[in-house]
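Here is how the chains run, residue by residue.
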Amino acid sequence: MPLTQKIFALVVSVLILIVIVELVRRRRLREEYSFLWIITGITLIILSLWYRLLVFITHAIGAVLPTSTLFLFGLLFLVMISLHFSVKISKLTDQLKDVAQEVAILKASLDDRK
Amino acid sequence: MNDKMTDSDKKLCIIIPAYNEEQNIAGVIKSVRNALPDGTIVVVNDGSKDKTAETAISHGATVLSLPVNVGYGAALQTGFKYSLKKRFQFSLIMDADGQHIAEEAHKVLIPVMQGIADLAVGSRYSGDNVYRGSMIRMLGSLIFSKLASWSLGFKVTDPTSGFQAMNRRTVEFFCSPVYPSDFPDADILIATKRAGLKIAEVPVKMLPPAGGKSMHSGLKPFYYIFKMFFSIFVTFLRKDTAN
Numbered sequence: 001m002p003l004t005q006k007i008f009a010l011v012v013s014v015l016i017l018i019v020i021v022e023l024v025r026r027r028r029l030r031e032e033y034s035f036l037w038i039i040t041g042i043t044l045i046i047l048s049l050w051y052r053l054l055v056f057i058t059h060a061i062g063a064v065l066p067t068s069t070l071f072l073f074g075l076l077f078l079v080m081i082s083l084h085f086s087v088k089i090s091k092l093t094d095q096l097k098d099v100a101q102e103v104a105i106l107k108a109s110l111d112d113r114k
Numbered sequence: 001m002n003d004k005m006t007d008s009d010k011k012l013c014i015i016i017p018a019y020n021e022e023q024n025i026a027g028v029i030k031s032v033r034n035a036l037p038d039g040t041i042v043v044v045n046d047g048s049k050d051k052t053a054e055t056a057i058s059h060g061a062t063v064l065s066l067p068v069n070v071g072y073g074a075a076l077q078t079g080f081k082y083s084l085k086k087r088f089q090f091s092l093i094m095d096a097d098g099q100h101i102a103e104e105a106h107k108v109l110i111p112v113m114q115g116i117a118d119l120a121v122g123s124r125y126s127g128d129n130v131y132r133g134s135m136i137r138m139l140g141s142l143i144f145s146k147l148a149s150w151s152l153g154f155k156v157t158d159p160t161s162g163f164q165a166m167n168r169r170t171v172e173f174f175c176s177p178v179y180p181s182d183f184p185d186a187d188i189l190i191a192t193k194r195a196g197l198k199i200a201e202v203p204v205k206m207l208p209p210a211g212g213k214s215m216h217s218g219l220k221p222f223y224y225i226f227k228m229f230f231s232i233f234v235t236f237l238r239k240d241t242a243n
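Residue numbers (our numbering), protein chains in the order written: chain P, 1 to 114; chain D, 1 to 243.
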């Protein structure tokens, strides 16, 4: 892996990590959601520094180019994160439903008392 | 029979979920009041953008207004939760678009009030009733009634019917997270049966919807068909249906 490529990959990964940590620090991102993102950032750093690991994984999964391994894992992480969000949204929808039902019933009983 | 009906009517909660039904809701409330004078009419306003809630209130119904649109099933469940909280003995659900005839309600109520069934579903297809719905609706109903009949072990001709009567035990079951938010149909019948509750199907007359937008328009039938197959399939995979 050429040095410029290595430096570029490292800079991008570190920037991603800094943004995540900063978002958590400012309470714009909750810790529970930051978990997958931090793992993504750290994996990117490891893979860009440890080229032989990347080559090893490339051979292990039968890929031809180390770059396709990187893209594959990038995609897998995105899929996992989207799935994670779908699960969260389903849960939020259920909670919203329960809250809305509760509000409707409480409002009706308040109107009864007027 | 009539004595028994009046006696039990006091404990009857009539749940009418409504979404943008200001045109039909007044007529529905009036006909329900005529047919079941002792029942408590509860209109669940599912975040309507028109004057459904105001119209229902001015016609003397109890209105549960959901702050956001949560879907047909979740709106029904709001009514169930209310019915359970107020300790109604029996609940009746019917649509706000006028296709369910209030005078037919006693047909679904009788098996539940007599203790023959925990849940009675009014069917527009069984018996000698003539009902003409859209092609896709008829076809969808046919497929799912076959599927539901097969999985329930008895004949169900109209699993998509929203004209149902039930006792408190069933209402309690329907208040659990098991109840679907969007379209409660054959899947919930299967779950109900698996929870050990008795289901009966009763032939009733129905009218085509008077107005408003059909739930089964545009691309929705395709999603609906997918959802039905998938939720029936998943219902069988779940072990905790009773919880």
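If you are wondering where the hints come from, they were derived from the structure by calculation, not from laboratory data.
There could be a bad hint or two in this list.
[What the hints assert, rightly or not] One-sided and incomplete, this derived list gives chain P residues near chain D with beta-carbon spacing under 8 Å:
#, residue
1, A104
2, K107
3, A108
4, L110
[To be verified] Residues of chain D placed beyond 12 Å of chain P at every Cβ, according to the derived structure:
#, residue
5, Y82
6, K86
7, I101
Just so it is clear, CB atoms sit at the ideal spot from N, CA and C, and this is done for glycine as well.
Quick rundown of the hints versus the structure:
1. The criterion of a C-beta within 8 Å of any C-beta in chain D is met by A104/P, whose closest approach is roughly 4 Å, and the hint holds.
2. Against a cut-off of 8 Å between C-beta atoms, the interface hint on K107/P holds, since the closest Cβ of chain D lies about 6 Å away.
3. At a threshold of 8 Å, the smallest CB-CB gap from A108/P to chain D is about 5 Å, leaving the interface hint in force.
4. For L110/P, the interface hint is violated, the least distance from its beta-carbon to any beta-carbon of chain D being 11 Å, above 8 Å.
5. With a cut of 12 Å on Cβ distances, Y82/D falls inside the contact zone with chain P, its closest approach being about 5 Å.
6. The Cβ of K86/D sits about 9 Å from the closest Cβ of chain P, inside the 12 Å cut-off, so the non-interface label is violated.
7. With a least CB separation of 27 Å from chain P, I101/D remains clear of the 12 Å interface cut-off, as annotated.
In summary, the numbered hints that this structure violates are 4, 5 and 6.
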